[in-house]
Every structure is written in structure tokens, then in C-alpha cells.
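A.B. asks: Starting from the known structure of chain A, fit chain B onto it as the hints suggest.
2 protein chains.
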Amino acid sequence: MNRLYQKLLPYIEKNSAYDTALTLLSWDTETLAPPDAGALTAKAVGILSEEAYHVFVNDEVISLVEQLSTEKEIKTLSDTERSIVRHIKRTYDRLSHIPPEEYREYAEFCATAQQIYCHAKQTGNFSEYAPVLEKMIAYTKRFTAYRAKKGEKIYDLLLEEYEPGFTIKVLDPFFAHLKEELVPLIRKVCRHNDKIDKSYNYRSFPIGKQKKLCNFLAGYIGFDFNRGVISETEHPFTTGLHNHDVRITNHYYKNNLESAIFSVIHEGGHAIYEMGIADTLTQTPAAMITMGMHESQSRFYENLIGRSEAFWAPVYPKLQKMFGTTLSDVSLDQFIHGINKAEPSLIRTEADELTYSLHVMIRYELEKMIFNDECEVSELPKLWNQKYEEYLGVTPQNDTEGILQDIHWAMGSFGYFPSYALGTAIASQIYAFMEKKLPVEDLLRQGKLSEIREFLREHVHQYGSVYDANTLLVRMTGEEFNPDYYIDYLKEKYTRLYQL
Amino acid sequence: MNRLYQKLLPYIEKNSAYDTALTLLSWDTETLAPPDAGALTAKAVGILSEEAYHVFVNDEVISLVEQLSTEKEIKTLSDTERSIVRHIKRTYDRLSHIPPEEYREYAEFCATAQQIYCHAKQTGNFSEYAPVLEKMIAYTKRFTAYRAKKGEKIYDLLLEEYEPGFTIKVLDPFFAHLKEELVPLIRKVCRHNDKIDKSYNYRSFPIGKQKKLCNFLAGYIGFDFNRGVISETEHPFTTGLHNHDVRITNHYYKNNLESAIFSVIHEGGHAIYEMGIADTLTQTPAAMITMGMHESQSRFYENLIGRSEAFWAPVYPKLQKMFGTTLSDVSLDQFIHGINKAEPSLIRTEADELTYSLHVMIRYELEKMIFNDECEVSELPKLWNQKYEEYLGVTPQNDTEGILQDIHWAMGSFGYFPSYALGTAIASQIYAFMEKKLPVEDLLRQGKLSEIREFLREHVHQYGSVYDANTLLVRMTGEEFNPDYYIDYLKEKYTRLYQL
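Sequences listed follow chains A and B, in order.
Counted the way the working numbering counts, the first sequence spans residues 1 to 500.
Counted the way the working numbering counts, the second sequence spans residues 1 to 500.
Calculated from the structure, these hints are not laboratory results.
Every value quoted in this text rests on a predicted model; they were computed, and no experiment measured them.
Misleading hints may appear alongside valid ones.
Calculated cross-link-like contacts (lysine-lysine; reagent style DSS-like; alpha-carbon spacing at most 27 Å) [claimed, not checked]: (1) A:Lys135 x B:Lys254; (2) B:Lys14 x A:Lys43; (3) A:Lys209 x B:Lys212; (4) B:Lys198 x B:Lys188; (5) A:Lys43 x B:Lys89; (6) B:Lys212 x A:Lys212; (7) A:Lys211 x B:Lys14; (8) A:Lys43 x B:Lys7; (9) B:Lys212 x A:Lys254; (10) B:Lys212 x A:Lys14; (11) A:Lys14 x B:Lys43; (12) B:Lys211 x A:Lys211; (13) B:Lys211 x A:Lys254; (14) A:Lys43 x B:Lys43; (15) A:Lys211 x B:Lys209; (16) A:Lys89 x B:Lys209; (17) A:Lys14 x B:Lys14; (18) A:Lys209 x B:Lys211; (19) B:Lys211 x A:Lys212; (20) B:Lys209 x A:Lys209; (21) B:Lys14 x A:Lys212; (22) B:Lys254 x A:Lys7; (23) A:Lys254 x B:Lys209; (24) A:Lys341 x A:Lys318; (25) B:Lys198 x A:Lys211; (26) A:Lys209 x B:Lys254; (27) A:Lys212 x B:Lys188.
Derived Cβ-Cβ restraints for the label pairs, each shown as a range [to be verified]: (28) B:Met411 x A:His97: 36 to 46 Å; (29) A:Ser204 x B:Pro206: 17 to 27 Å; (30) B:Asn256 x A:Asn256: 32 to 42 Å; (31) B:Asn215 x A:Arg496: 31 to 41 Å; (32) A:Glu180 x B:Ser26: 35 to 45 Å; (33) B:Ser26 x A:Leu9: 21 to 31 Å; (34) B:Asp59 x A:Glu102: 43 to 53 Å; (35) B:Glu365 x A:Pro35: 18 to 28 Å; (36) B:Glu71 x A:His97: 41 to 51 Å; (37) A:Glu451 x B:Thr31: 31 to 41 Å; (38) B:Glu479 x A:Ala130: 57 to 67 Å; (39) A:Gly447 x B:Ile347: 41 to 51 Å; (40) A:Arg496 x B:Ser26: 47 to 57 Å.
Note that beta-carbon positions come from the ideal geometry of N, C-alpha and C, so glycine has one too.
This is chain A alone, in the form it adopts within the complex (with noise of 0.2 Å):
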């Protein structure tokens, strides 16, 4: 091993160290820890995210990736040694331009602002929440500020801290390519919305056995309950302490079949990922996974895989026989069709396949003019509600169903939605290299869903962020990001499924 690069390793085990115990803080606020618990543990968040600031920025580290950057010694570094050196600095750019005790201020602060902001969204209270969203994007604007060269964008650098090279630059064609091709075909779709019966969809499915159901199928797609939990939020969200300790939730609702299925084959496609990464790399930085490749495994799962009548053809039995009368009347061609039907609506997390990148492009649109400096927090709500009319055709009647349902901005996280397009996107990409390589059609009607996350493990989830996005996909596919896959798919699909 590179003389050098061994001496980063104590730093990297620290890091790691203090990861695990925020991500931890971080998973038991949300899904655990008492009401009142909220503003004396962010204290300590705060103080910790501070003491973790440090382990990365501070001489030594930035004098020994420095050297370790030089021509000569990146030459002996393995792929992995290289890109952990990069994120290293990667991290030091982000971090070391923004004051300790601000950014102490700042982890103090986001500890609190989701509890805010999910009582602001219980109460439907957009007024009790926007100060929190000003002073988080306030927050978000200064740190990029301090390390913007000239010319650069905001926005561009909050979008590559989620998924390198796909700036606004890629996303604007991108998104308009997709509006272009997407909204006739929904608009078709929608016209023959009669053809496809959901209302078996909405009856009543004791909450204990869409549990068992939804256990069932996290380890049926090939979720490790020895290296995992299934835990209940509001929201259904992945995070992972190491390969080892991966966690995800899900939310429950007596009356609608469709969203707890949906959101545990969603999150366990993000936990396979992360119980996927290579032992190597578990632990260091290079185990953060950029979120476009991220989000592709979690959208994999979920449509490729889980809306596809050959994954529920040996499944759909058990289904039936589990609620017993409730579903004896619904066949499988009726289920599939159910689980596919296309319709605008407002909320983003329970959009079907067709329309949900209109609900990904709306705040990208939103995120742009709020790092273009183009509008204010007080005119969000509007702006929401207006491109949910113009997209899609809707109209929220309360902020709850409009700004108010997505969480990741009262984290802070600005510039992650395009994942989720980017990452459905890919997903289909990965797919039709996979059939290429597989049965895949095959594979799951037998029920060897091994063989799919063996392929995927090897091709994508053991190199976690060694690689990023397009690298992967070029070294995997031979070929760059291309989203024609995705509209090829969506095309053949709904045209099929709704017989055009």
C-alpha cells in the first residue's frame, strides 16, 4: 500500500466513525426518539457534526491528498484508493471554505427544522414552515457561495454533489426531452383511463398482514434480514450504518393495497444496494453512493421489476390467498393492469411509472429559480400549484398535498430530485443490458430473484461511488447515459398495456 495513503487511513476509519453515530442520531429522530427529545439531541448533533468537520479539514489530511493527487502517486493507487482520495477532497472543498462554528449552527439547526417541518405538513401550515425553508436555503446559498469560482452556478454545484457531471447543462435537454415524449403519451393514456378497474385497490387490507406481505417481499427480492430492519415512518426512507446495518421504513394504510408494496420493493432495492458494497469499502468514503445510480436500484426494483406481470405471476397466489376474499374477485391480468394504471395526480411518492418524472421536473423547475435568485419562499406555494396545473393537470386544494409533501428540502438536500429521474431513467437502461446478459423474464417467474441481485451486485453495487454514474454505466453497458431506453420502455408499455 502507498506510504501515503496509509497514513489517511486513521482519518478514514474517524470518519466513518462519526458517520455511523449521525446517521444514527439521524434514524432514531426520525423513526424513534420521543417529541420533546428534539432540541437537546440536535445540541449534540451540532457538536459532533463539528468534531466530524474536523477529522477531514485540517493540514495533515489536505497535505497527504495533495500528494497523493500528483501524477506520480495517483499512478500506484488502486481504483478504490483513487476514489476515496477524490471524495476526500471532495469533501474538503465542500467543507473547509465554511467556518467551523457555522457549520456546527448548521447541523444544529437541520436536526430541528424536519421536526418543523413534518408538523407544519400535519397541519397543512406552510406559514409555520417557511422561515425554517428561507434560513435552510439561506444556509445552502452561503456554503456554495464560499466555494463557487467564478461563473459557476449554484444550483450546478448543489446538482453534482448528488450525481457528478449531470448539470443543469444535461438536465434542461434532458427534462425537455422527456416533456416532449412523455406528455402526449400520458395525455393518450389518460383518454383510455376507463379501460383499467383499480378499485380492488382501495378496499380494506388489515395493516398485521400488509406487514407480513411486505417482510415477505423485502427478503423475496433479496433484502438480508440479518444484515437489516423494516422499521414505520410517515415517509418510507433507505439508510444503512455500513453493509452490515442497513435500514429501512415503511408506512402502512388500511385502505390503499398498492403503497406499502410499492414503497418496501422501492426502499429494499436501495438496501440491496447497500448491503451490496464491496467489504473494501464499507466504512470509507467511498461507500456514499452517488444518488443517481442509487435511486436507479430503488426504481429497478419498484417498475422495472416490481410492476412486471412476471414477477407476480408466481407471487400474485400468495397475494390472494393472504387476504382471502378481498382479493378472489381481482385476477392477476387485473392486478397488473391495476398496479400500472396511469393518472396525473399530486402526489410524487404514489405516481405511477408514466407521469411521476413530471412530478421530478416540477421541482427541479422550483429549485432552479430558488438558486437563480427568481422567486421567493412566499411564492412557492403558487408557483407549486401552478405547474401541477400546467404538467399534469391538477391542482393541490391544501399545501399538505402540494409544497408540503417532500421532505428532503427541510434537510437540506437541494439538487437530489433529478436522481430520481435520472435514476428511473438509468434503471432502464440497466435493464435492457441485463436481458441481454439474462433471462430475466424467465428468472422471475421461477422465482430466482437471486440471479437478478447477483447480476446487479456485480455489475453496480459492489463498486458503491468507486465510479461514478456514467462511468459505471460505460463500463458496464459499453455505452453513456441514454435516456431513450426509458422513453423506449415507457412507450412499448403503456402502449401495450392500455392497447393503443
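C.D. replies: Only chain B this time, still in chain A's reference frame:
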């Protein structure tokens, strides 16, 4: 504020932040983490423990503490500040002799030892646990020897970590006194045990209802659900991040009603204590309560309150209603006799009030032998069983109901057990004092538990560990620790219950 003390504040905050993270990591490992998470999470715990080690073990802190310990400066400090300085000094004295690397290894070892213990307990396999126990004892002996002054006994130093002042010199006569007074009483009671029919306790009680009941009881005695949560584990316990986040666990057995009820009242008593610590003390070293006083509060609620007729008079009808016909033939009087029935038994946590202290005495005697180098780890199961035979007339059939029943040694908590007996005795002393000031029985009959909680908060809880147990007793009652209250209470109670 004293200028030197002010310089200590950032260290106090930082120490508390690490404490929060490490407490949460430990809680999470016990309650939720997936089975295979152990080793990687333990690594993070080791690293964070070493980071935490350096917070107080450094030149600036020790210089500040030394300056603050001079007569001139000490006068300028409040009781709280003085106790915080004293606690920092104690932590420093305990840690500074241990090399930091060794401390990290120890912390990492501790984080995995409990899992090995739990597995050994499940399978009844002491030999799986023996090497862990040996290593834990070796660490404890070595770490304690580092700081032992000439003539100081290792076990005395361990005892004082949990309850200052209560060394072998105090505990030997304390246990001898208990033995002398209680053993004849136990013999007499046992001869009349057919007077009490407790068979109802082993009927079938649905776990969902038990949970509902236990949550009600927790709230009834004063557990604040805005500041606390209740989870489930094999062994009930209490932990806390600060006075706004205190957590207890419970365990439910379908065929044992009492177990969960008295666990939740016991742990609830601990939790009420931690929730009642003053806001100025929480997140400081003076919030770490001495264990004798801590156990006094749990045992106060469990026994003095929870096993009294006055407590159950208003509550028992709810129980009967909740469990329908299962309890309809059991009168309040039979229930009160049932929950107080004394029988020599094998499991400490399930023991009745009368025989409980003998379980503690057995552990005390074994710990003394261990740290006086009078026995080998391999001999412990046999010694354990012999002492149970001798003092309680019962013999474990396997190590799960013998030496493997307690998790404490696997946590490195040697010297803790006596706190249970001390706390039990202190509880009676506090009760006797409370009776002079409050119409306790009337309050219980009227369900006014909050007045009892407020009394304890005023006299005990708010102070955390600003005072040690004996000082607090003197401040409160005007009298030093006196176990005769406890003995008198048991004699009176059992003579009455058994009409001896």
C-alpha cells in the same frame, strides 16, 4: 461564573455529545440493530470511545480542574459546579492511566461481548461465554490496578464507581445484617406459603393487552411520553440521552401477568428519576446518577408503591375489566397477596421483595472472590449453584437459570449489583420519611401519583449526582443510610400478609 469554570464548558458539552452518541449506539444494539451488524458497529464504537476519552484526558482540562480544586476557587463554585468538577476529576483519574489505544480496544470488545453473552444465554452454553468473561475480568482488573493506590482493594474501587462510600467495609456488615434478619423470616413465611394461591398469574394474558396495560401504568405513575419511549427487549432496562429522552424496555410473557407489570413499574421509576433531573444538570457529568440512589427510585416504585394495596385499589378494577373473565374470580385481596407471595427462586429479576436481597448477596460474594483472585472463571457456575442452594435452598438446572441470567458482567459492570440491595433499602428509608410529610396511602387511593412524583423530584431527582447517596439522604431525612427501615418494613409487611 468562575472564569476557569467557564473554560471547562466546551469540554463538558463535548463530553455530553459523545455520551449521547455512545448511549444511542448501545441502545440501538440492544433493541434494534440487525444480527450481523455487530463487528462493524463495534469498530465505530471503539473509535468514538477513544475520541471521547481525550475530551477530559488532556492537559488543559486537568490543569483547569486542578486550579478549580484549590480552596480559593472551590469557594466560588455552586454545589452543582463543584460536583461537575469532581466528576470530571473522577473520570480523569479513572481513564488517564489507561493507554487510549487500550481503551479503544476495550470499548470495541464491550460492544461485541454482550452479543456473545446473549447467544450463550440462549443456548445455555457457559463455555461459549467463559473466554469473554475472563477477558472482561482481566481488562477490569488491569484498568483498575492502573489507578489503585497502595493498599486499595480492586473491588472497593469498582464498588465506588457505582455508589461512592459503599465499600466492602460497609457492605459486609450490611449484607450480614440482612442475612441475619431475613433468613429466619423467609423460613417462617415459606412454611405458610400454601396460604396464598397465585395460580391466576400464569393464565393466558394476550400480549397486546399487556402492552396497553403497561403503557397505562407507566403514564399513571408519571412516565412522560413526550420525553420517553418504551421498547421491547429480552431484559428490561432503562437508558437515557438526556432529561428529554429517556428510554425503557419491557418484556411480555403470555403466561405471566406480573412480569411485565413490575418491570414497567421498576424501569418507570428509573425513567421518572432521569426525566426529573434539573435542566441545568442534564448533559453534564453530574447527570450521571449514582446507582444506589437510582435503584432506590426504581425499587421505590416497584415495591413500596407497586406492591401496596393502596396503589392497586383504584387500578385493579381496570385490570379486571381489561382481561375480562380471566381475572373476574380473583379479588383485589387475592391479587395483593399474589404479587407479594415470597418464595425462594432462581431468577433475581423475578424474585419477590423478601428474597430479592439474597440474590444480590450471592453476586456480591462472587464478585469479591473474583477480584480477590480467590476463584477461576471456570469455577463460577459451580460456586453460583452452591450459593443458591445454601442461601435460598434452590438449585439451577442449567446455567441459563444460573450464572448466565444477568447481563451485567458482559457489560463490564462489576460492583454494580450491591446497588440493587442498597437501593431497595434506601427506598424504605425514603418512604418512611415521605410518610411523615405526605398522606401517601391516601394519595395512592385517590390516584394522585403526581404528588408522589413531585415530592421525589423535589427531594431526589432534580439533584442528579450533585450529592452522593448518603449526603442526599442526610439532606433530605436528617439521617444517614440506615437499613433498619427496610428490615422493619419487610417484617411488618410479611407478618401482616401471612398473619404470622
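A.B. asks: A separate judgement is required for each hint: does it hold in the structure or not?
C.D. replies: Cross-check of the supplied hints:
no., hint, verdict
1, A:Lys135 x B:Lys254, "51 Å, violated"
2, B:Lys14 x A:Lys43, "10 Å, holds"
3, A:Lys209 x B:Lys212, "21 Å, holds"
4, B:Lys198 x B:Lys188, "19 Å, holds"
5, A:Lys43 x B:Lys89, "24 Å, holds"
6, B:Lys212 x A:Lys212, "22 Å, holds"
7, A:Lys211 x B:Lys14, "41 Å, violated"
8, A:Lys43 x B:Lys7, "19 Å, holds"
9, B:Lys212 x A:Lys254, "21 Å, holds"
10, B:Lys212 x A:Lys14, "43 Å, violated"
11, A:Lys14 x B:Lys43, "10 Å, holds"
12, B:Lys211 x A:Lys211, "19 Å, holds"
13, B:Lys211 x A:Lys254, "22 Å, holds"
14, A:Lys43 x B:Lys43, "24 Å, holds"
15, A:Lys211 x B:Lys209, "20 Å, holds"
16, A:Lys89 x B:Lys209, "55 Å, violated"
17, A:Lys14 x B:Lys14, "16 Å, holds"
18, A:Lys209 x B:Lys211, "20 Å, holds"
19, B:Lys211 x A:Lys212, "21 Å, holds"
20, B:Lys209 x A:Lys209, "19 Å, holds"
21, B:Lys14 x A:Lys212, "43 Å, violated"
22, B:Lys254 x A:Lys7, "56 Å, violated"
23, A:Lys254 x B:Lys209, "22 Å, holds"
24, A:Lys341 x A:Lys318, "22 Å, holds"
25, B:Lys198 x A:Lys211, "38 Å, violated"
26, A:Lys209 x B:Lys254, "22 Å, holds"
27, A:Lys212 x B:Lys188, "53 Å, violated"
28, B:Met411 x A:His97: 36 to 46 Å, "44 Å, holds"
29, A:Ser204 x B:Pro206: 17 to 27 Å, "23 Å, holds"
30, B:Asn256 x A:Asn256: 32 to 42 Å, "39 Å, holds"
31, B:Asn215 x A:Arg496: 31 to 41 Å, "52 Å, violated"
32, A:Glu180 x B:Ser26: 35 to 45 Å, "55 Å, violated"
33, B:Ser26 x A:Leu9: 21 to 31 Å, "26 Å, holds"
34, B:Asp59 x A:Glu102: 43 to 53 Å, "28 Å, violated"
35, B:Glu365 x A:Pro35: 18 to 28 Å, "45 Å, violated"
36, B:Glu71 x A:His97: 41 to 51 Å, "48 Å, holds"
37, A:Glu451 x B:Thr31: 31 to 41 Å, "35 Å, holds"
38, B:Glu479 x A:Ala130: 57 to 67 Å, "59 Å, holds"
39, A:Gly447 x B:Ile347: 41 to 51 Å, "45 Å, holds"
40, A:Arg496 x B:Ser26: 47 to 57 Å, "54 Å, holds"
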